[in-house]
Amino acid sequence: MMIDITVQHWHGLHQHRNADDDGPAFVTQCPIIPEASYTYTIPLGEQTGTYWYHGHLGTQYVDGLRGPIVIYLEDPHKGLYDIDNEETVLVVGDWYHTSSVAIEQSGNLTLQRPDSATINGKGRFDPDKTPANQDTLHTFKVKRGKRYRMRVINDSAIASFRFSVQNHKMKVIAADGVSTRPYEVDEFDILPAQRRDFVLEANQPPGTYWINAPMTNVANKTTQALLVYEDDAHSFKAPEGPHRTWAVSEGVIEYWRHGHHSHDSMHTSSEHKLRSERQNDPTQVVLDEAKLAPLNNKKPCNPNEAADMTLDLNFGLGQAAGTWAINNITYKSPATPTLLNILQDDRTTDSDFSPSEHTVILPKHKCIEFNIRGVSNIPIIHPFHLHGHTFSVVQYGNSTPNYIDPPQGDVVGSRDAGVRLRFKTDNPGPWFLHCHIDWHLVEGLAMVFAEAPEEIKEGSQSVATDSEWKNLCKNYDAWAKTVGSN
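Everything in the sequence shown is counted per the UniProt record's numbering, starting at 1 for the first residue and increasing by one.
Please keep in mind that the hints were generated in silico from the structure rather than gathered at the bench. Every residue gets a Cβ at the ideal spot worked out from N, C-alpha and C, and that includes glycine. There's no promise every hint is true.
Think about it this way: if two alpha-carbon atoms lie no more than 20 Å apart in a straight line, the pair counts; the simulated EDC-like pairs of lysine to aspartate or glutamate are [as the list claims (entries may be wrong)]:
hint, residue 1, residue 2
1, K298, D308
2, K237, D352
3, K298, D281
4, K424, E455
5, K141, D189
6, K474, D308
7, K424, D281
8, K299, D281
9, K291, D135
10, K169, E46
11, K470, D308
12, K146, D189
13, K141, E240
14, K366, D312
15, K143, D82
16, K291, D115
17, K457, D308
18, K171, D75
19, K143, E201
20, K332, E305
21, K169, D82
22, K78, E230
23, K122, E86
24, K424, D312
25, K169, D350
26, K143, D281
27, K470, D288
28, K299, E46
29, K481, D4
30, K78, E46
31, K474, E455
32, K122, E104
33, K141, D128
Simulated DEER-style distance windows between Cβ atoms [what the hints assert, rightly or not]:
hint, residue 1, residue 2, range
34, D477, V101, 32 to 40 Å
35, N471, Y72, 29 to 37 Å
36, G145, P182, 53 to 61 Å
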């Protein structure tokens with residue numbers, strides 16, 4: 001039972017014929033009212049791997065309404081590791097001392113900056129004044145000679161991290177639930193909502209080692225966990241050497257200093273300058289996401305020809321202060337969920353939806369290509385998430401397009417250079433596309449793909465709603481009237 005209205009989204013799960021249980025408020029359902037319950041039923045199909053769940057109403061997940069999901073089925077990488085259990089899941093996320101509602105209502109961008117971060121719920125607000133031990137930091141114990149499948153989930157509202165394990169290599173084997181060709185690295189970046197799985201071999205001398213995750217888009221913020229060899233666990237010693245830190249780019253500093261509430265507050269910052277400011281140690285191998293090829297060598301749709309439909313999506317500041325927009329439209333959710341409007345009112349064209357809903361109709365069984373590109377000169381990375389699908393990233397910026405074995409996922413980072421994505425419309429439903437910086441989502445950086453609306457209503461691919469789902473809006477409307485009259 002909940003004490004506030006809420007919804008839950010099951011991040012990365014495709015919800016085939018099940019868009020009604022995808023979760024985002026007023027896209028696929030009405031909120032669950034206080035002291036009521038709702039049962040989500042999720043068909044997994046052939047999906048396996050690392051996912052997570054979170055609230056998808058306002059900024060609820062910023063305050064902690066979130067958690068990991070792992071689907072354990074037959075794994076093509078099984079021979080690469082010995083241990084894969086709940087202990088090998090690491091959730092890294094930002095942490096606030098102020099409630100998300102208070103931050104949102106303040107209109108003060110600087111309050112969106114996290115106060116600290118945690119790994120599996122533990123962290124230090126001031127690492128220089130707080131000792132590193134098993135009480136203050138999450139501790140992961142390993143046995144020398146064993147290989148561990150680690151699953152890292154970034155459940156942050158805004159923070160991106162550079163992840164590493166002191167003196168240990170990481171063999172990346174999955175991204176966003178998609179198995180990849182093994183790719184050995186020393187460090188990798190992980191954006192909000194992304195997941196990265198890797199194999200860690202406990203092959204170092206017994207002792208304690210840093211698990212490092214400094215923020216790359218927030219200055220002077222970092223978090224750590226501890227990797228402790230069991231042979232040394234009885235006599236704990238702090239790790240040797242300092243924990244990893246990160247000096248953010250001038251562009252990031254400017255973002256937090258001036259904010260995004262003014263169209264002329266930011267200055268142009270080239271991609272070259274941003275690259276030159278990264279602190280990549282030449283002796284360390286950093287994961288290049290463009291080289292993260294899927295294990296099954298799956299090609300994107302229409303690999304040898306043009307896509308059936310192409311969309312250019314330019315994102316930037318909205319017309320109103322403190323808002324964002326895609327193609328100059330700041331998203332505002334409708335009073336009735338998009339899915340319900342399609343089912344009840346036979347909405348099948350873009351013009352059937354109000355402009356502020358920013359809903360684009362996609363035809364069935366077609367290859368869709370869309371380019372997400374920033375136009376605001378604000379030099380931070382925006383992690384875009386598409387519900388209902390796994391897409392192929394066929395081009396990063398101006399690089400050579402890859403139609404052979406492009407990376408796949410459900411979250412990709414974009415800024416002014418842009419990224420080009422492809423997916424096939426084989427899953428009818430209204431699917432949310434939005435920035436996964438939660439503050440930007442509530443400020444309008446979102447839109448909806450209404451995929452094959454005729455198929456949503458009837459046929460072999462139709463969305464099969466039940467009475468419990470239908471009652472959500474009836475109950476919500478009655479509750480809203482009661483609240484409004486008080």
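Exercise for review: Would you list, in rising numerical order, the hints stated earlier that this structure does not obey?
Suggested key: Of the numbered hints, 2, 3, 5, 6, 7, 8, 9, 10, 11, 12, 16, 17, 20, 22, 25, 26, 27, 31, 32, 33, 34 and 36 do not hold.
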